[in-house]
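**Student:** Each chain is listed here by its residues.
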Amino acid sequence: MADALPLHPDRCEMLRPSHPDYWNGHNDRMVPRFPDGDVKAEHSVGTAPPDSTCRSQYAEHATGVITAYDLARDLLVYGSIVTPPNAQQVSGYKTDHWHGQYGSGQWHCLAEEAEYHGVAPLLSLAVARLPEQVRSIVADSARRTLQALALRHRRASQAREAVIDRLLTEFTSGGVRVLLLKGAALAHCLYAKPELRPMADIDILVDADDQMRAVAIAERIGFVFAPHHASSFAGNFHHLPPGTKQQSGYTITLEIHRDVLPPDQVGSITLRNLTVPLQTINRGQDRPQGLALGHIDMLRHLTRHAFEPVARVRLIHLHDLWQYQARFHDEIDWPHLQSRHPGVITALRLVHYVLPPLREPDGVLSAVPRPGPSGIGAGMLPLSKIAGAPVGPTTKLKMLFDPPAWWLHGYYGIPPEHSLRRCRLMLHPATVARWLARRLAAVARSRFMPSNLGDA
Amino acid sequence: MGVTLDCIPAPIAGVEVELVEGEYLMYQPRFSRAIYLNPTAALIWSLCDGVRPLREIVELIRAGYPDAPPDLAKDIVDVVARLEEHGALAVT
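For the record, the sequence lines run as chains A and B. Sequential numbering from 4 applies to the first sequence in my numbering. Sequential numbering from 255 applies to the second sequence in my numbering.
By construction, these hints were calculated from the structure, which means they are not laboratory data. Being a predicted model, the structure only gives us computed values, none of them experimental. All C-beta atoms in this analysis are idealised placements derived from N, C-alpha and C, irrespective of residue type, glycine included. One thing to keep in mind: the hints can contain errors.
Claimed, not checked - Restraint ranges, calculated between C-beta atoms of paired labels, are given here:
| hint | chain 1 | residue 1 | chain 2 | residue 2 | range |
| --- | --- | --- | --- | --- | --- |
| 1 | A | 195 | B | 305 | 38 to 44 Å |
| 2 | B | 306 | A | 234 | 52 to 58 Å |
| 3 | A | 175 | B | 272 | 31 to 37 Å |
| 4 | A | 361 | B | 328 | 53 to 59 Å |
| 5 | A | 215 | B | 256 | 54 to 60 Å |
| 6 | A | 234 | B | 328 | 52 to 58 Å |
| 7 | B | 272 | A | 365 | 39 to 45 Å |
What the hints assert, rightly or not - Among chain A residues calculated to face chain B with C-beta under 10 Å, some are:
| hint | residue |
| --- | --- |
| 8 | 143 |
| 9 | 146 |
| 10 | 153 |
| 11 | 158 |
Pulled out of the complex, with its shape left as it was, chain A reads as follows:
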């Protein structure tokens, strides 16, 4: 029988995965979605609350400022190399490491940082595996918030996987060939459990000719599709307007792609131009198997996706690449990648500025030069964010034409040993011009030829 504990209402603690009241600053306020649903958190970038040392911003390579971002990636590394039941101190991760590097400020902000980066379930696991003498310095609030987030993601994952089961079954019955993309595939082929890989949407790839049949099938199982993309700048987008349905209290979003790569990117990956054979994804006992891109196309997709314009490159995407290159190292055709898609190799190497290599550097994935480019972990804001940013035109031009060096290397596939001069002077301005032109054309087309679902 449990101990007769005194009952105090304040021991029935209330936690919030998000803490909007911590954030007093309104500079660069972001409102990210929780990856698995429509509950929003408010997350301010920049000014820290006056009563806290927490500065939830990316860690500049050269500043030496230790932030919750550093703690998050440190825990990601630790969690990946420590496996139960023998979770003992790993060389390089002695107790002093945690005590010396990180203080209450970083632990305090960890949950918020983890949720932005989509790594809360992984970090909750890593924290649980810390030695007891280290766990004692982790504030209960930080530990519990991560646990709560992990629980939420587990429930959301269960709901999402049930929907994917149904989609795969119905698509097969309907004769529509479908591939699982990104998280929907990685959750099973790369992660021990799907709940460890949060995702905002279910992304699937079908042939362009099958898109409307795919919509019809999805609608039959309860998805409701938006009639058109939210932005008039979308134009001929690579996926249809998203569909949503409710499942077990969660909003499940479905994106039906005809191309894996967005129109802003050069190149395309469709069912008609795959580089390598597909791989089968075993989704667990009694669940329908899925198909996913083969290793080469998967890496092409994941590297391009990771370096899409975003304020801060999300750790979950870098983690995907980090783990994928190690897990499937012996199956990947590295000479093919190096000769046909060298930008993929560059991106995989750039990940190593954030997460250290899990294997010894070799001829293809050679060690990256140190110190690395500036702005590690930072990205270029999307055009829409730049346009709407509450800053002057000079700052906006800088955001447009002077993004972080690390991101430029990743987006354009320029090895970190090489200069960005040509990129900054010619390649990037030309790319920005192309993006703007595409959007203007999309707006003009939408005015004169309104499009709806299925017109893509």
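Given the coordinates of chain A, assemble chain B onto it according to the supplied hints.
**Tutor:** Just chain B, lined up with the frame of chain A:
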């Protein structure tokens, strides 16, 4: 309405309680929040079945914990009131 000993508390549909590393974590998907319950609060929660009035819950706990403090009833009412406030219980 205020919570009294004559009220009947019932769990809200969709609220789940899990034992996580020795602690009880209560969660509902539509809320961006989770609640940690100490063991006694978890016990109270488990006794709220939509049939049993609060008065009976107090008596059950008092029978199981003879050394409980004299203001046990007030504490239980307070816990139930907080759980109702946070959307985990409905009280009729």
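**Student:** Work down the list of hints and note, for each, if the structure agrees.
**Tutor:** So, going through the hints one by one against the coordinates:
1. A:195 / B:305: 38 to 44 Å: 41 Å, holds
2. B:306 / A:234: 52 to 58 Å: Hint holds: Cβ distance 54 Å, inside 52 to 58 Å.
3. A:175 / B:272: 31 to 37 Å: At roughly 34 Å between Cβ atoms, residue 272 of chain B and residue 175 of chain A fall inside 31 to 37 Å, so the hint holds.
4. A:361 / B:328: 53 to 59 Å: At roughly 57 Å between Cβ atoms, residue 328 of chain B and residue 361 of chain A fall inside 53 to 59 Å, so the hint holds.
5. A:215 / B:256: 54 to 60 Å: At roughly 56 Å between Cβ atoms, residue 256 of chain B and residue 215 of chain A fall inside 54 to 60 Å, so the hint holds.
6. A:234 / B:328: 52 to 58 Å: Because 56 Å falls inside the window, the suggested range holds.
7. B:272 / A:365: 39 to 45 Å: Hint holds: Cβ distance 44 Å, inside 39 to 45 Å.
8. 143: 9 Å, holds
9. 146: Hint holds; residue 146 of chain A Cβ to chain B Cβ min 8 Å, cut 10 Å.
10. 153: This hint holds: residue 153 of chain A lies near chain B, its Cβ roughly 8 Å from the closest one there, short of 10 Å.
11. 158: 6 Å, holds
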